[in-house]
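Keeping their order, the protein sequence lines are chains G and R. For the first sequence, this note's numbering gives the first residue as 1, with consecutive numbering after it. For the second sequence, this note's numbering gives the first residue as 1001, with consecutive numbering after it.
Treat each hint with caution, since some may be false.
[Unchecked claim] With a straight-line Cα cutoff of 20 angstroms, these simulated EDC-like cross-link-like pairs (lysine to aspartate or glutamate) come out:
no.	chain 1	residue 1	chain 2	residue 2
1	G	Lys124	R	Glu1040
2	G	Lys356	G	Glu40
3	G	Lys248	G	Glu292
4	G	Lys332	R	Asp1013
5	G	Lys87	R	Asp1091
6	R	Lys1332	G	Asp13
7	G	Lys18	R	Glu1325
8	R	Lys1018	G	Glu325
9	R	Lys1124	G	Glu40
10	R	Lys1221	R	Asp1210
11	R	Lys1356	R	Glu1268
12	G	Lys282	G	Asp293
13	G	Lys275	G	Glu244
Hints in this document: simulated from the structure, not taken from any laboratory. Because the structure is a prediction, the values reported are computed rather than measured.
There are 2 protein chains.
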Amino acid sequence: MDRAAAAPPVSIDTINPKVLKCQYAVRGAIVSHAQRLQQELQTSQGSLPFDEILYCNIGNPQSLGQQPITFFREVLALCDHPALLGKSNIDALFSKDAIGRAQKILDLIPGRATGAYSHSQGIKGLRDAIAAGIAIRDGFPANADDIFLTDGASPGVHMMMQLLIRSENDGILCPIPQYPLYSASIALHGGSLVPYYLDEATGWGLEISDVKKQLEDAQSKGITVRALVVINPGNPTGQVLAEENQKKIVEFCKNEGLVLLADEVYQENVYVDNKKFNSFKKIARSMGYGEEDLYLVSFQSISKGYHGECGKRGGYMEVTGFSAEVREQFYKVASVNLCSNISGQIIASLVMNPPKVGDESYKSFIAEKNGILSSLARRAKALEDAFNSLEGVTCNKAEGAMYLFPRLHLPQKAIDAAKAVIAAPDTLYARRLLDATGIVVVPGSGFGQVPGTWHVRCTILPQEDKIPAIISRLKAFHEAFMDEFRD
Amino acid sequence: MDRAAAAPPVSIDTINPKVLKCQYAVRGAIVSHAQRLQQELQTSQGSLPFDEILYCNIGNPQSLGQQPITFFREVLALCDHPALLGKSNIDALFSKDAIGRAQKILDLIPGRATGAYSHSQGIKGLRDAIAAGIAIRDGFPANADDIFLTDGASPGVHMMMQLLIRSENDGILCPIPQYPLYSASIALHGGSLVPYYLDEATGWGLEISDVKKQLEDAQSKGITVRALVVINPGNPTGQVLAEENQKKIVEFCKNEGLVLLADEVYQENVYVDNKKFNSFKKIARSMGYGEEDLYLVSFQSISKGYHGECGKRGGYMEVTGFSAEVREQFYKVASVNLCSNISGQIIASLVMNPPKVGDESYKSFIAEKNGILSSLARRAKALEDAFNSLEGVTCNKAEGAMYLFPRLHLPQKAIDAAKAVIAAPDTLYARRLLDATGIVVVPGSGFGQVPGTWHVRCTILPQEDKIPAIISRLKAFHEAFMDEFRD
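Build the full structure now, drawing on both the sequences and the hints.
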């Protein structure tokens, strides 16, 4: 290459080292390998011991056959092509309430222009609708000015990290195991991840005394801890926090002056009767704490829930407790990217305001919604039982979210074999599982785990008719793996 | 507030100072003031000397009444709600080629799932279509693996800044005046903006000798300059670069080892017969330079052109010349945000592959496209003439893009009046213009300008029937302004 020496060549030694440090296992090496295998399957059928790749690495329901909610897509199609609303035979193609809702949404958009940049926080009328939905959910008021519509939850999380992290001396308390968006975002913004451990023995319980210990430990090392991340329902761990536990977390953040970053994207995904989702805002307000008592950011996404609209990239954050001056800075950062996509904004408003009793679509909407959620609950149970039936595997219940995070008590020989190929033992396991069965899971090391323990994260999302076959492939693989490595 | 002292309160003194430093005038104080005035208009009609706010601050065509391209929206609606494709009377509602295109696009998407996360670079089949469109445009091959689909051009620019900037000792050469996304992104990522000046006297010409001088000046201060930003057609300046000029830029970046960041989002917006858009990739390849000779990133957006689909947030970057190792890092950063929105991806594929001769929609598509582009050319000329007719105002031609950037030769009294209210003189002018006429323009200080010169940026986007009234309001305001301040 005959480039002059004035600028260093762009190489991994000269790019931003924060980028190098960032890791994102959910789309990491195992997934790249799976994509190569998928191409192999397409070009030479029968060359592998399976005939399809099953992506259980990522919460991406529609990629595995889940159908979108009809009402949402009807409204979206009408908003994308409003000329349809003027056609004569439109009633035969769309439900009456979808037509009404699309008209109402278009009326909320200045100039009915779904192709225009909106206000940088999102279209005001849609934020009003979302605030109304939050108020109904929580029983406490919500304010459209506190809503920032985002392209999924991830950009919102990045924005908060960007605002809070000044240097590596600023720390963010994160659960371990955690969803690696958090570790990746903290690394990209140059901060320090301060871990607190969820207790696997008590169903991934969150002990506030442990959080406090970790906080003090970080402070003693000169770290200014600025925020606490809580993922509820848990990812990858699937637990749903009890109200008492949430109260302690609120109290703790209030007393320590920490921003509570509440990842509540799985709020619709609760599968057990004895647990219920409560937003942290509801908990804080029910304790009598208002705006001035707690910095609180709640993240919501259209990618999860029963609708799983991942590809549409929509979501919001509800931001409360900050001064007007700081909020102006939030707005400024949002404005540099102009606005989130309008289709995602529209679906976010539908998620928070679905059809109601009496609407033409209500019955079919509820049937679709309940069908998906009850099927997810059955799939979670079936896969949980399957993992628990495997030699040396223990698996907590998925009370909520979309994942199981079984622990692999691996034989020493397997650990040694991993060491020999310079891989973590759970990475070896995940790689072997993929090569033998086409099932893609993410090694626990991508999420963090108590040192010396090994896990994988597996989504509960394959369609129900495929679950029995998946379970038998899994069992056969595991037996063979254990036969090979049993001490 | 009774928060404990452990963490500092979240205030503008304790948030990331890079955020504070970042400025984005396109949605800055003037625009916030305009939004307040708009609310005032809604609540008390007749309270202001105008009855609507005209947002000429931002290239947002559909917010000012431009209609979306019918074919694009037909395809989008069908992809949003594929169930429509199975209905019997669908031919009456959609053009035949829109139906065919939607079916083709759905076939390209694994599982036809427009609600699934895609590959982090975007759906492979859509990238193939975009690469084919680039190859037709340039006459040189393009590769789907080089395409990263993005939510508009802005996230792509941020990603490149994030990758290249390690500290304030890394510099990015930017034109002055520039689109403030660049200064904002460099500030957010903690780098140094190294300015080079466009020459207003020669129609905003780019002199490579000046760029070289600025580069050497920065190097002498210890700055490692890593990239050169070129915006062609220019924003806010509207010039279209000549081929000879582009060749010099390519040669310069090659010799200096700089990444050429080519903002080519206005590639469809050229309004003069004697100029033509050439992509920098075409220029480089026509000079015989291949992958190994030049780091080149081309940004494209669905928000501009004749379609102006700002709210859909789509675009791509074509990334060439980097090593496989570095490209893996690009992919990793893209994967942390999972993928760009699928609706935006679909429209990006349509923009790069519009209807062709013989397609049912071709004639109406071309009529819509040419109607918009020829109207934009007329509007540019009318507003340019209007600015040039004002006392003490000179305005270069908008050869391309969507803006005029007239220079205001302000009387000393006006400059003093601005100083008295601690504002830049062009900010005073823009504020007075807004208060008197409802026309929103952005002060030149938001883009950078030669010290001691003053400008405003005004889009050419108001609908044609409104232009005469805008011009008379502008003239009346300017006369009164000059009468008040004339020396």
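Going through the hints against the structure:
no.: 1; hint: G:Lys124 <-> R:Glu1040; result: holds, 16 angstroms
no.: 2; hint: G:Lys356 <-> G:Glu40; result: violated, 48 angstroms
no.: 3; hint: G:Lys248 <-> G:Glu292; result: holds, 18 angstroms
no.: 4; hint: G:Lys332 <-> R:Asp1013; result: holds, 16 angstroms
no.: 5; hint: G:Lys87 <-> R:Asp1091; result: holds, 12 angstroms
no.: 6; hint: R:Lys1332 <-> G:Asp13; result: holds, 16 angstroms
no.: 7; hint: G:Lys18 <-> R:Glu1325; result: holds, 15 angstroms
no.: 8; hint: R:Lys1018 <-> G:Glu325; result: holds, 15 angstroms
no.: 9; hint: R:Lys1124 <-> G:Glu40; result: holds, 16 angstroms
no.: 10; hint: R:Lys1221 <-> R:Asp1210; result: holds, 17 angstroms
no.: 11; hint: R:Lys1356 <-> R:Glu1268; result: holds, 17 angstroms
no.: 12; hint: G:Lys282 <-> G:Asp293; result: holds, 14 angstroms
no.: 13; hint: G:Lys275 <-> G:Glu244; result: holds, 12 angstroms
Going through the hint list in order, the structure does not satisfy hint 2, though it satisfies all others.
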